[in-house]
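Colleague: For reference, the chains in residue letters:
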Amino acid sequence: MNDMILQWVISYGAIIVFATTFLSCLAMPVPSSLMMLSGGAFAASGDIALTTVAFAAYGGAIAGDQAGFAVGKKGSGWLKSKIHGRPKRAEMFQKAHDFTHNWGGGGVFLSRWLLSPLGPYVNFAGGIVEMPWLRFAIWAALGEVVWVAIYVGLGFTFAEEIAHVATFLGHIIGLLTGLAVTIGLGVALKRAHAKAPVEPVVSVVSVVPVEIVATDAERPVQP
Amino acid sequence: MLGAAFLFAFVVTSFFVIRSVIDMVYWADPKYQDRELELWMTPRYISMSYSLPREDILGALGVVEGELARPMTLRRISDHTGVSIVQMKVSIEDTVAKYRAAHP
Numbered sequence: 040m041n042d043m044i045l046q047w048v049i050s051y052g053a054i055i056v057f058a059t060t061f062l063s064c065l066a067m068p069v070p071s072s073l074m075m076l077s078g079g080a081f082a083a084s085g086d087i088a089l090t091t092v093a094f095a096a097y098g099g100a101i102a103g104d105q106a107g108f109a110v111g112k113k114g115s116g117w118l119k120s121k122i123h124g125r126p127k128r129a130e131m132f133q134k135a136h137d138f139t140h141n142w143g144g145g146g147v148f149l150s151r152w153l154l155s156p157l158g159p160y161v162n163f164a165g166g167i168v169e170m171p172w173l174r175f176a177i178w179a180a181l182g183e184v185v186w187v188a189i190y191v192g193l194g195f196t197f198a199e200e201i202a203h204v205a206t207f208l209g210h211i212i213g214l215l216t217g218l219a220v221t222i223g224l225g226v227a228l229k230r231a232h233a234k235a236p237v238e239p240v241v242s243v244v245s246v247v248p249v250e251i252v253a254t255d256a257e258r259p260v261q262p
Numbered sequence: 007m008l009g010a011a012f013l014f015a016f017v018v019t020s021f022f023v024i025r026s027v028i029d030m031v032y033w034a035d036p037k038y039q040d041r042e043l044e045l046w047m048t049p050r051y052i053s054m055s056y057s058l059p060r061e062d063i064l065g066a067l068g069v070v071e072g073e074l075a076r077p078m079t080l081r082r083i084s085d086h087t088g089v090s091i092v093q094m095k096v097s098i099e100d101t102v103a104k105y106r107a108a109h110p
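Top line first, the protein sequences correspond to chains A and B.
Each number in our numbering corresponds to the 1-based position in the first sequence with 39 added.
Each number in our numbering corresponds to the 1-based position in the second sequence with 6 added.
Hints in this document: simulated from the structure, not taken from any laboratory.
Warning: the hint list may mix true and false statements.
Below are the SDA-like pairs computed for lysine to any residue, each with C-alpha atoms no more than 20 Å apart in a straight line [said to hold, decoys possible]:
hint	chain 1	residue 1	chain 2	residue 2
1	A	K229	B	K95
2	A	K229	B	M7
3	A	K229	B	F14
4	A	K113	A	M43
5	B	K95	A	Y160
6	A	K229	B	S53
7	A	K112	A	L62
8	B	K95	A	I101
9	B	K104	B	S53
10	B	K95	B	E71
11	B	K95	A	M43
12	A	K229	B	F12
13	A	K112	A	H123
14	A	K127	A	W117
15	A	K229	B	L13
16	A	K229	B	F16
17	A	K121	A	Q105
18	A	K112	A	Y160
19	B	K95	A	Q133
20	A	K229	B	A15
21	A	K229	B	V17
22	B	K104	B	R81
23	B	K95	A	W117
24	B	K95	B	D62
25	A	K229	B	A10
26	A	K229	B	E71
27	A	K121	A	Q133
28	A	K113	A	I101
Just so it is clear, the structure is predicted and the values come from calculations on it, not from any experiment.
The task is simple: from the sequences and hints, build the whole structure.
Modeller: What follows is the structure, given as structure tokens:
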């Protein structure tokens, strides 16, 4: 897998790096991290210019985030029609909406690089709950700088051992994301058992309004 | 439902913890650090990876800088010179061994 990606990057260069980061921000299963690592490695060997790789990756990421946000926003209308006239759901949507307004920037920022598998879903959710576009755009832009810098930088620094680095990074990211999700679910579980279940649980690392799509049948019954 | 999701997330996380630890232990061993030559590698990359001057690598492959349009991957060099991949790898490995013997 790694060799195939290295082959593609050396053969197609900036175009494929741009396309891959773009698609990864839309939840497509493309190996964007590996692409950036490879790009960085070839920048180190002098086969591709570092600025080319960095700008291609960054441009794709920004464009992808904006596209994901726009897709979410289009879905906002459909979602609103679903919750219209259902007071509990309307209240939840409002809480998620308010939370995203107040704290979503941090979630957007962290989901760009530290918890990158969550990134695309944060894009969609941000659009759905109508997060202020400017806040989203700024935090996404900042987070993507970190993302591109880390991956292209690591590829550049560890170019000689690029395959090992790629594998290891994948495991670390999986670990961190899994840890965040586990903790988030653990907190949700604790609250669900503790008291009134009407309170929506939106952890700081999860901007996806999970509760919104839960049907009434799935709610635990209040004795 | 929430409990099942939590358990699943916990198992997946544990899997990644174990994989990461294995990575760190495995790759620290010097035995696994010399990288096998691959078709996507270029003379620049090989030069960097094996710490040899690029000219030596180019010499081993029988091409000069700029003879092919970039990227000069081993695959493209093989197509250009007609020398087999296997033969190219042997040439490079010989060159690497000689260079390292001469420059410890």
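Colleague: Now tell me if each hint is right for this structure.
Modeller: Now the hints, each set against the structure:
1. Proximity of A:K229 to B:K95 is assessed by CA-CA distance (about 59 Å); at most 20 Å being required, the pair is judged violated.
2. A hinted pair counts as satisfied when its Cα atoms are at most 20 Å apart, and A:K229 with B:M7 qualifies at roughly 13 Å.
3. Of the pairs offered as hints, the one joining A:K229 and B:F14 holds, with about 16 Å between alpha carbons and a cut-off of 20 Å not exceeded.
4. With a C-alpha separation of about 36 Å, the suggested pair A:K113 and A:M43 falls outside the 20 Å cut-off, and the hint is violated.
5. The straight-line distance between the Cα atoms of B:K95 and A:Y160 is roughly 45 Å, outside the 20 Å bound, and the hint therefore fails.
6. About 56 Å separates the Cα atoms of A:K229 and B:S53, which puts this hinted pair outside 20 Å; it is violated.
7. At most 20 Å may separate the alpha-carbon atoms for a hinted pair to count; A:K112 and A:L62 meet this at roughly 18 Å.
8. Proximity of B:K95 to A:I101 is assessed by CA-CA distance (about 41 Å); at most 20 Å being required, the pair is judged violated.
9. For the hint linking B:K104 to B:S53, the alpha-carbon distance of about 14 Å falls within 20 Å, and the restraint holds.
10. A C-alpha spacing of about 18 Å is found between B:K95 and B:E71, which places the hinted pair at or below 20 Å, so the restraint holds.
11. Pair hint B:K95 plus A:M43 holds up; C-alpha atoms about 19 Å apart against a cutoff of 20 Å.
12. A hinted pair counts as satisfied when its Cα atoms are at most 20 Å apart, and A:K229 with B:F12 qualifies at roughly 11 Å.
13. Between A:K112 and A:H123, the direct Cα distance comes to roughly 17 Å. Compliance with the 20 Å bound is thereby established for this hinted pair.
14. At roughly 17 Å between alpha-carbon atoms, A:K127 and A:W117 fall within 20 Å of each other, so this suggested pair holds.
15. A distance of roughly 13 Å separates the Cα atoms of A:K229 and B:L13; the hinted pair therefore holds under the 20 Å criterion.
16. At roughly 15 Å between alpha-carbon atoms, A:K229 and B:F16 fall within 20 Å of each other, so this suggested pair holds.
17. Taking the CA atoms of A:K121 and A:Q105, the gap is near 25 Å; set against the 20 Å cutoff, the hint is violated.
18. A C-alpha spacing of about 12 Å is found between A:K112 and A:Y160, which places the hinted pair at or below 20 Å, so the restraint holds.
19. The straight-line distance between the Cα atoms of B:K95 and A:Q133 is roughly 64 Å, outside the 20 Å bound, and the hint therefore fails.
20. For the proposed pair A:K229 and B:A15, the alpha carbon gap of about 15 Å is at most 20 Å, so the pair holds.
21. Distance hint between A:K229 and B:V17 is fulfilled; the C-alpha atoms sit about 18 Å from each other, no more than 20 Å.
22. Distance restraint check for B:K104 and B:R81: the Cα-Cα separation of roughly 24 Å exceeds the 20 Å cut-off, and the hinted pair is therefore not satisfied.
23. Distance restraint check for B:K95 and A:W117: the Cα-Cα separation of roughly 59 Å exceeds the 20 Å cut-off, and the hinted pair is therefore not satisfied.
24. Straight-line distance between C-alpha atoms of B:K95 and B:D62 comes to about 13 Å, which keeps the hinted pair within the 20 Å bound.
25. Taking the CA atoms of A:K229 and B:A10, the gap is near 13 Å; set against the 20 Å cutoff, the hint holds.
26. This hinted pair does not check out: A:K229 and B:E71 have alpha carbons roughly 65 Å apart, beyond 20 Å.
27. For the given pair, A:K121 sits about 14 Å from A:Q133 by alpha-carbon distance, which is consistent with the 20 Å threshold.
28. A hinted pair counts as satisfied when its Cα atoms are at most 20 Å apart, and A:K113 with A:I101 qualifies at roughly 19 Å.
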